[in-house]
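*Asks:* Quick note, the sequences are listed as chains A and B, same order.
If you use numbering that gives the first Met the number 0, the first sequence corresponds to residues 0 to 203, in order.
If you use numbering that gives the first Met the number 0, the second sequence corresponds to residues 0 to 370, in order.
No lab work stands behind these hints, which were simulated from the structure alone.
Each hint should be verified, as a subset may be incorrect.
Stated by the list, open to error - Derived pair list, reagent style DSS-like, types lysine-lysine, alpha-carbon separation capped at 25 Å:
1. Lys-66(A) to Lys-287(B)
2. Lys-123(B) to Lys-153(B)
3. Lys-66(A) to Lys-96(A)
4. Lys-205(B) to Lys-153(B)
5. Lys-89(B) to Lys-66(A)
6. Lys-332(B) to Lys-34(B)
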Amino acid sequence: MTTRKIAVVAAGLSQPSSTRLLADRMAAATAAALEAQGFEVEVTTLELRDVAQDVTNNLLTGYPSPKLESAIESITTADALIAVTPIFTTSYSGLFKSFIDVLDPQALTGMPIALGATGGTERHSLAIDYSMRPLFTYLHAVTVPTGVYAASSDWGSETGLGDRIERAASELAALAAVSDRSQRVRDPFALPEGFSPVGGFGAQ
Amino acid sequence: MQFGIFTVSDVTTDPTDNTTPSENDRIKAIVAIAKKAEEVGLDVFALGEHHNPPFFSSSPTTTLAYIAAQTSTLMLSTSTTLITTNDPVKIAEDYAMLQHLADGRVDLMMGRGNTGPVYPWFGKDIRDGIELAVENYALLHRLWTEDFVDWQGKYRTPLQGFQSTPRPLDGVAPFVWHGSIRSPEIAEQAAYYGDGFFANNIFWPKEHYMRLIGYYRQRFEHYGHGTAAQAIVGLGGQAFMRTKSQDAVNEFRPYFNNAPVYGHGPSLEDFTEQTPLTVGSPQEVIDKYAGMREHFGDYQRQLFLMDHAGLPLKTVLEQLDILGEEVVPVLRKEFATNRPAEVPDAPTHASLVAKRDAALVTEAETAEVAS
């Protein structure tokens, strides 16, 4: 049976957090959608809180600790990614952005991503579209159209949160189904096309 | 196997007493440190190049020539020479001059430099860093190996019939190392020319450098310069020592915690576990560095960073005494044990002249047979 790897990044700061709760529900829905198509699914979840100091150290020193390096590797080699952050002061959290900042800028090229966010008030729901989506567009990731925003009130009333999760999950599962990212052999020493050790134009 | 020290030439406040040396203090200290390196039996002194505070070393050949005049065996090198923003013609001239004055005790290490504004200050763009390193070195290499050069490239004005002077000492260019932290292009370049590859090694975990050096060795063999085991590899390192391990930790910790680059980041304990930095007794340093060949293969040059982060001159000189008297003699024995015969020593001026002469003899014999 063919396997698809789903990575989840949750930037919630408390434990337990509503951000993790939303991330888990999006992951479960995506896994179910893929399993319905006959895939085996492996879900890896990274709570950024667990590597928060490593992320800061990476920003300062320029290199990831072995723990962070393996976490990054498991994220960037997945077939699809679910990224969920709390919205602080109208945007993704600082920790979330710091984590994105330590990734290789090419690491998410072509990565299918479903975006999720949590907040105290539903008035921040568009933050997914004006802050998260451009970030991943810049990184050449493929974001699915449905972003899932969960305000505190969504956890206590029927506001269609479940439907939004299902819709985002089915969009992501469709992309993950045709992804070969987790099967790719990566060559860290691949030279850019046309590279010559003596230079190009006229320098021979 | 060569052992030595390298410095980035930072002027940093001593965090233990909040005093900052003047540029003049640090410049004079560097000379004292280099002379001490020779006195305690080290082989190499390498000086960085920077064009922004808090670094003083904008003019390395001036400093190295001054040191050359006061030493007799010390090999003078750089860590690194900015191949991106310097004019390769000026590098060819300056270092050939230094090579003459120092009687051949000169090699140099090419680096790109990672300070963004330095590029535009010198009319360049950091996004062209790799291309600049490749093209500029291609020209430098020709200026040192060909008497008259016609040349056209993308990054400097063309040359017609140009001869850089002085010609390299005995017609043999200084040996060149290429330093890189992460770029396979630079490892490829070093391999292509059969030049040395230096892995700074002090800021990243060793696994990263093991892969990079493995790649360089493989490409060195590919380009026909010898076997992978014969590739010329240098490594950076970092140590702080006292007789009692805990004394070293206590004394070094404030310097570590406030150091440029990694200060206020990982703990000393994490950093010593993840990188070659060793803080402890001389025996701990011996154990850590004797193990390097297990990871990187037998190599040719080990440089230590000993004088940064505001350490006072007196302390640095004490550290050099320990390094030269207690650590390096043991490491020399360790590295000589079971070193395969095919692994060469680091090239020196004498060995490069001998190699060139041998090649000329072979060429003459081949010509004779042909005629």
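*Asks:* Take a quick look at whether Lys-89(B) and Lys-66(A) sit within 25 Å of each other, Cα to Cα.
*Replies:* It is violated: about 45 Å lies between the C-alpha atoms, which goes past 25 Å.
*Asks:* Holds or violated: Lys-66(A) and Lys-287(B), Cα atoms, limit 25 Å.
*Replies:* 22 Å, holds
*Asks:* Is the Cα-Cα distance between Lys-205(B) and Lys-153(B) 25 Å or less?
*Replies:* It is violated: about 36 Å lies between the C-alpha atoms, which goes past 25 Å.
*Asks:* With the threshold set at 25 Å, check whether the alpha-carbon distance from Lys-123(B) to Lys-153(B) stays at or below it.
*Replies:* 11 Å, holds
*Asks:* Taken at face value, is the distance from the CA of Lys-34(B) to the CA of Lys-332(B) at most 25 Å?
*Replies:* 24 Å, holds
*Asks:* Please work out if Lys-66(A) and Lys-96(A) have their alpha carbons no farther apart than 25 Å.
*Replies:* 19 Å, holds
In summary, the structure is inconsistent with hints 4 and 5 from the numbered list given earlier, while agreeing with the others.
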